[in-house]
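Participant: Protein sequence lines, in the order shown, are assigned to chains B and C. For reference, each letter of the first sequence is one residue, going 134 to 538 in the working numbering. For reference, each letter of the second sequence is one residue, going 1202 to 1447 in the working numbering.
Check each hint, because a few of them may be wrong.
Claimed, not checked - BS3-like cross-link-like pairs, simulated, lysine-lysine; straight-line CA separation at most 27 Å: (1) C:Lys1266 <-> B:Lys500; (2) C:Lys1342 <-> B:Lys500; (3) C:Lys1266 <-> B:Lys501; (4) B:Lys500 <-> C:Lys1354; (5) B:Lys505 <-> C:Lys1354; (6) B:Lys236 <-> B:Lys161; (7) B:Lys501 <-> C:Lys1354; (8) B:Lys500 <-> C:Lys1262; (9) B:Lys505 <-> C:Lys1311; (10) C:Lys1311 <-> B:Lys501; (11) B:Lys428 <-> B:Lys389; (12) C:Lys1325 <-> B:Lys505; (13) B:Lys276 <-> B:Lys355; (14) B:Lys505 <-> C:Lys1315; (15) B:Lys324 <-> B:Lys245; (16) B:Lys501 <-> C:Lys1315; (17) B:Lys270 <-> B:Lys242; (18) B:Lys157 <-> B:Lys242; (19) B:Lys501 <-> C:Lys1342; (20) C:Lys1342 <-> B:Lys526; (21) B:Lys161 <-> B:Lys173; (22) B:Lys276 <-> B:Lys385; (23) B:Lys505 <-> C:Lys1342; (24) B:Lys229 <-> B:Lys242; (25) C:Lys1395 <-> C:Lys1311; (26) C:Lys1259 <-> B:Lys500; (27) C:Lys1315 <-> B:Lys500; (28) B:Lys500 <-> C:Lys1311.
Hints in this document: simulated from the structure, not taken from any laboratory.
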Amino acid sequence: MTLQDNFENHSKQYIFCDDEFLSKEREKIFIKINSNNFEKKNNESLKNLPFSDLNSFNYFFHVLDDKPKSIIKEKNVYQVDIVNGRSENYEDENIKIRNIFSKDFDKKKYVKDNKDNDIVMDFNKIFLNSGFFLTVKAEAQIKIHLNHNTKKNFTIFQQNFFNFQKNSKVKIEENFNLTENTINNIKSDFKADEYSSIEHNIFQKFTSSNKLFLTSNATCQKNSSFKQFSFNFSDGFVRNFHYAKLNGVFAKAVLKGCFFLKDNNACSNKTFVSHNAENCESNQTYKGILNDISKANYFSNTFVAENAQKTEGYQLSKGILLTDTCAFFSKPELRIFADDVKCSHGSTIGPVDESALYYLRSRGIDKKQAMKMIIASFIEDELENLDEDNINKINNNLSNYLNSV
Amino acid sequence: MIFLNINNLNVTIDGKQILRDFNLNINLGEVHAIMGPNGSGKSTLANVLAGNEDYEVKSGKIIFKDQNLFDLNIEERAQLGIFLAFQYPVEIPGVNITPFLQASLNSRLKNQNKEEVDNLDFAKILRSKAQELGINSEMLKRSINTGFSGGEKKRYEILQMSILNPEFAIFDETDSGLDVDALRIVTEGINKFKTNNNSFLIITHYQKLLDYIKPDFVHVMRDGSIVKSGDISLASEIEESGYKNF
Ligand SMILES: Nc1ncnc2c1ncn2[C@@H]1O[C@H](COP(=O)(O)OP(=O)(O)O)[C@@H](O)[C@H]1O
Ligand SMILES: [Mg+2]
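This is chain B alone, in the form it adopts within the complex:
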């Protein structure tokens, strides 16, 4: 289907179809893309993007009778299922979840909100069809298993809003169960109130006919901490674009990711941390293993505002290239307007260390196992703070990945 067909198809399902102002805005963005009249030069959102797929997909969405569920698995552990973009409304003393309505949106912010001409966010705005609010109440200490279940052929364009109230302590395990031929364009906002602490582990693994465009924006208040880890074992395209704003003093953001690519798969990664207050810390680290003719990119950015003294910002990208036909493009950027800051960035991308491989093999360890040891050591630091379930899951996936090497 052409973009025009999709646009018309979707009009009735547009969350803001009753809002003239936003409908106009939607049309404006559509015209911009349809007439191919958007910023292309230096547009990081276009890198490695399957743009033709994005532009000529078959829009498909409807609300199923099959009701999603939110359940308590055990005390303070929740399972929230998002089925085809929709969740079940639920509330208890710890959390509140509900699907979004058009009146939930701050129009001005919605219109303005597109960083860096992000083409994926443009599509998200044109085809928006779902989203939810999830509030974790003050003082709550909980774990949430957040499962996205997208059925065959569904195209999900979603905006979610998480609010972590004061002093809450939350661990989110986000999983994607994508069946076949789905598009998932999901943007999530995370508001971390004072003294809240969030650990967000994202696990991406699905077959090659599915696509995931995941964008997140974290806003951190005083003494809050937002730590995100994404693990991408997918055969399908994944885009991870994650942003954090440190707006209160002593806030901390960690945006980390590991990806494992093979065949002709690609992934696009970007992180951006803005330091807008004193004494904040950030760490942006992405590591990738690439095989065959796979391709990846990683843009990382640290911005330090004039008033953000005593900032500590750290950026790192590391890659192991298993063939000479794969490619990993990495571009770190630093813009610093304060003078009392500690910032650094590093990048090492290259083939597996042959001398290390030789050493291990010379002690009787077979080549595959030696590769596994070296690659496991490569992501070891990232696993440090994960719980056992996650470590096992990652190790299993790593084994599967290496079996195909």
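Based on these hints, arrange chain C with the ligands on the given structure of chain B.
Facilitator: Same frame as chain B, now just chain C with the ligands:
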């Protein structure tokens, strides 16, 4: 059984010939030493024996325990009982010593149709062998060679050897970078390990090491081949007047 026989070996790297018609025979239970100036091809020989794939074997043959060595890859050779104590052991950050060495030992035991050791038993073996070599247990928690001093690296090579129990051990300048005390500990470790059922090839510059580990044969190597063979007196000759007479 032919233990080790190297016959007319010619080896190049990047098109440059390094070993030329190299011949050497080692029987089970023997200790051989190779001495030679820098660049004569000693490390090349050691690495070709270990199976390093960077070198190109142009012609020649190596038989080890009646098997054609060129049919075996690096790990298969190690499992069969070849051990190379490296001249420059590489640092591998993030790969912990203990599980690595346990996996090594088990690969070797498996090859010998012996029962593999579990974590607990292995920890015991490792601790007692480490103690013998004056390696403190703190070091065993670290990553392979990472942040080790030169002496610690060499000691750790010997520890690996004593655990893997190879039949043929090659020491590539294990003495370099060791002070007198460290040299004594390392050579004691090597001597303790020596039996009638294993053989050594000791590569060194200096007679000093050979004072501690008595070789049965000493060979002088120049420009990729052995130019003279003899007994320990050859080492004293070199110590006195260098390699110019060879
Ligand atoms: N990887 C390599 N690439 C190119 N030349 C090499 C390489 N390794 C060794 N050589 C060369 O081979 C020769 C023999 O080296 P080596 O075996 O290390 O000698 P030794 O151990 O006796 O000092 C030297 O001239 C050295 O420069
Ligand atoms: Mg050498």
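Participant: Are the hints correct? Go through all of them and say.
Facilitator: Hint by hint, here is what the structure shows:
1. Under the criterion of a C-alpha separation no larger than 27 Å, the hint pairing Lys1266 of chain C with Lys500 of chain B is consistent with the structure, at around 23 Å.
2. Taking the CA atoms of Lys1342 of chain C and Lys500 of chain B, the gap is near 24 Å; set against the 27 Å cutoff, the hint holds.
3. A C-alpha spacing of about 26 Å is found between Lys1266 of chain C and Lys501 of chain B, which places the hinted pair at or below 27 Å, so the restraint holds.
4. Using a Cα cut-off of 27 Å, the hinted pair Lys500 of chain B and Lys1354 of chain C holds, with the two alpha carbons roughly 23 Å apart.
5. A hinted pair counts as satisfied when its Cα atoms are at most 27 Å apart, and Lys505 of chain B with Lys1354 of chain C qualifies at roughly 23 Å.
6. For the proposed pair Lys236 of chain B and Lys161 of chain B, the alpha carbon gap of about 21 Å is at most 27 Å, so the pair holds.
7. Between Lys501 of chain B and Lys1354 of chain C the alpha-carbon distance is near 25 Å, which keeps this suggested pair within the 27 Å criterion.
8. The suggested pairing of Lys500 of chain B with Lys1262 of chain C holds, with an alpha-carbon distance near 24 Å, which does not exceed 27 Å.
9. For the suggested pair Lys505 of chain B and Lys1311 of chain C, the alpha carbons sit about 20 Å apart, so the restraint of at most 27 Å is met.
10. Pair hint Lys1311 of chain C plus Lys501 of chain B holds up; C-alpha atoms about 17 Å apart against a cutoff of 27 Å.
11. In summary, the hint linking Lys428 of chain B to Lys389 of chain B is supported, as the alpha carbons are separated by about 19 Å, within the 27 Å threshold.
12. In summary, the hint linking Lys1325 of chain C to Lys505 of chain B is supported, as the alpha carbons are separated by about 26 Å, within the 27 Å threshold.
13. With a C-alpha separation of about 22 Å, the suggested pair Lys276 of chain B and Lys355 of chain B falls inside the 27 Å cut-off, and the hint holds.
14. Distance restraint check for Lys505 of chain B and Lys1315 of chain C: the Cα-Cα separation of roughly 25 Å lies within the 27 Å cut-off, and the hinted pair is therefore satisfied.
15. The straight-line distance between the Cα atoms of Lys324 of chain B and Lys245 of chain B is roughly 18 Å, inside the 27 Å bound, and the hint therefore holds.
16. Between Lys501 of chain B and Lys1315 of chain C, the direct Cα distance comes to roughly 22 Å. Compliance with the 27 Å bound is thereby established for this hinted pair.
17. In summary, the hint linking Lys270 of chain B to Lys242 of chain B is supported, as the alpha carbons are separated by about 24 Å, within the 27 Å threshold.
18. For the hint pairing Lys157 of chain B with Lys242 of chain B, the CA-to-CA distance comes to about 15 Å; that is within 27 Å, so the pair holds.
19. A distance of roughly 24 Å separates the Cα atoms of Lys501 of chain B and Lys1342 of chain C; the hinted pair therefore holds under the 27 Å criterion.
20. For a cut-off of 27 Å, the pair hint linking Lys1342 of chain C to Lys526 of chain B stands: about 25 Å separates their Cα positions.
21. With a C-alpha separation of about 18 Å, the suggested pair Lys161 of chain B and Lys173 of chain B falls inside the 27 Å cut-off, and the hint holds.
22. Restraint check: the Cα-Cα separation between Lys276 of chain B and Lys385 of chain B comes to about 20 Å, which is no more than 27 Å; the hinted pair holds.
23. Pair hint Lys505 of chain B plus Lys1342 of chain C holds up; C-alpha atoms about 20 Å apart against a cutoff of 27 Å.
24. Between Lys229 of chain B and Lys242 of chain B, the direct Cα distance comes to roughly 23 Å. Compliance with the 27 Å bound is thereby established for this hinted pair.
25. The hinted pair formed by Lys1395 of chain C and Lys1311 of chain C meets the criterion: a straight-line CA distance of about 23 Å does not exceed 27 Å.
26. Only pairs whose Cα atoms come within 27 Å are accepted, and Lys1259 of chain C paired with Lys500 of chain B is accepted, the gap being roughly 24 Å.
27. The suggested pairing of Lys1315 of chain C with Lys500 of chain B holds, with an alpha-carbon distance near 22 Å, which does not exceed 27 Å.
28. Between Lys500 of chain B and Lys1311 of chain C, the direct Cα distance comes to roughly 16 Å. Compliance with the 27 Å bound is thereby established for this hinted pair.
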